[in-house]
Amino acid sequence: MSKLLTSGKYFHILVPLISVVLGLMVGAIIMLAAGYNPILAYQSIVESVFLQPYYTGETIRAMIPLVLAGLSVAFAFRTGLFNIGVEGQLLAGWFVSVATAIFFGHLPKVVLLPLSILAGGIAGGVWGIIPGFLKARFKVHEVISTIMMNYIALYTTNYLIKHYLYTQGERTPNIPDNASLASPMLANLTQGSRLHWGFIVAIIAGLLMWFILWKTTRGYELRAVGFSPGASRYAGINVERNIVLSMAFSGMFAGLAGTMEGLGTYQYMMINASFIGIGFNGIAVALLGLNTVVGVFLSGALFSALQTGGLTMQSDAGVPVDLINIVIALIIFFVGSSYVIKWVLNRLAKRGEKN
Amino acid sequence: MIKKRIAVLAACIVVLATILAGCGNNGSSAGSTKKSSFKAGMVTDTGGVDDKSFNQSSWEGLKKFGKDNGLAVGSGVKYLQSKQPTDYAPNLNQLVQQKYNIIFGIGFLMQSDLQKVAEQHPDAHFGLIDSVAVDKNNKPLKNVASLTFKEQQGSFLVGVVAGMTTKTNKVGFIGGINSELIKKFENGFKAGVKSVNPKAQIFAQYAGDFNAPDKGQSIASTIYGKGADIIYASAGNTGNGVFTEAKTRTRSGKKVWVIGVDKDQYSEGLPENVTLTSMVKRVDQAIYDTTAKAKKGKFPGGQVIEYGLAEKGVGIAPTTKNVKPSVLAQVKKYQDKIIKGDIVVPTTDNEYKTYLSSLAK
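Read top to bottom, the protein sequences are chains C and B. Note that the working numbering has the first sequence beginning at 63, numbered continuously upward. Note that the working numbering has the second sequence beginning at 762, numbered continuously upward.
These aren't lab readings, by the way, just hints derived from the structure by calculation. Check before you lean on any hint, since a few could be wrong.
Unchecked claim - A short, non-exhaustive set of chain B residues, derived as facing chain C with CB atoms under 10 Å:
| hint | residue |
| --- | --- |
| 1 | K839 |
| 2 | L841 |
| 3 | S873 |
Where is the CB? At the ideal position from N, CA and C, for every residue including glycine.
Starting from the given sequences, assemble the full structure and let the hints guide the process.
What follows is the structure in structure tokens.
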């Protein structure tokens, strides 16, 4: 038992698992303190997500951009970069994919759909390359520059929508059906949810990331730079080029996340008064998922289930949706304080040995 | 050792939870089973139910209906809050699945989601506030009652108050999101000011957000700084920042006013007493009426109902302590003119320009 706990990869997996359990438990205590019924609340989440097709569909729908945003953060993190700019790259991808779909609306679906997705991915990539280049060439810290880029993306897309693609309701017109990821079949299957084909894109992106990082020489270089830029440079790896490349891929995943919202969930882009938050949630998803592909999918599923189920919780158990945000924040908090969890586990394990 | 401790902890939590769960269950099941089957629900936009404005007013209307008809909050009348725009559709759908007899979408931001859900569920009845729900051919949807307001008329009246009350001859307007809807407030207000005070200077600015009190405050600071002594805030929760700024200035000895919006915001201005008056938009009344019709089986589906001064759907707030009687008399005069149709209040920038040139003659 003690060896299992303190050594090997199981130990790494244990920390996020314990964080989730602790997060849910502390969340329950807060609900109790506020006079709500936590069992009813969690029950309504589980029931809606697993037993009601509409919410299952909505959960998977919410998972698609969240997973892509998580992959984006994780990819950059593997190269030692902290990409806070997912939100901006996502907006850039969202806008460009929708704009492409509208401007080339006459093209057949076989051409237009891949073209729009590609355009969204590239736009996100370009938005990621800029801070990557600044970091590689001028040593501008990527955290600062990506945050700035977020604001530039937010207000630029708002401006462009307002002046070139505006329609009633503070948004762009709908994209043509030729560019839509939505599927009546999936919608019918899930009692009219907004589930769309984007989940295939998310799976491909996950496979792509795994392949690049762990199956190619370039991926080895990327990860080496993440472990130690100095040692990598000494070993003859071009650190600067790898930083730009990593941000390009990271931005592309983020751009695809936005594309999924544009071509799938909404079918348009609205003027966003403030950030939509998927990018920031992506950081949490990557953190909880230990920056691995499988982990990102699992934690993405957890967060989207909590968010979607949270709406039912509000309705069935009368618990305000805000509490779900508290639970999510608690989980992140516990992951962040993983050192404490590790320490406790070690202590417990040592005592176990004594006994 | 570890197992024992964890087991004890787990047991404690389970016991505690079940005890409380027991209490909760008894309460709610008793509440939901005894009353009649009519249910009315609403989905707020991202401003939330406590925005001290539009969403809150809607909920007050629904709550009042529940009270008058013996429907319990939470089972007979209910609201669902949306944290982000993606929540609109699941929330509307939730109420459909729970067989609510009428479901209100609060605000034009919800329009496209409400249209989609309404098309998927032709048997369910919906109400949309501030916008007209249409199908793909631009025809009103049969199962949606669209409730809109002539905000320009009410805004004109508070404009009259502002124009006559200002001492600096400078007034301000702060809008939420620059849109067709808020333009109605802006142009109606400006027309009202100019009608009684042609020399007045009007600063209009948009925050780009209905839910950003900080932005509201910084814009208010700019406009008051330019010398305006009255600001009309038509910006939902963003407007609360205007109140904060006005209170700070009043406390430091510079008396400034705010004109509230959507509901009588007299109490938001206390204790510094900064609310001059408010443009009341009776969303609560519209929701009450429509719910009552639906309960009688006369749901006005497919109709576009416009609430104006004549229908008492918009107007000046009942609290008039801070408005001079002479000003109130003028307001009354203009109100009659608008109801009679002698004045057509402008809604768009172009109509406002035409109106201004007609004043000059």
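If any of the earlier hints don't hold here, list their numbers in rising order. Hint check: nothing fails, all pass.
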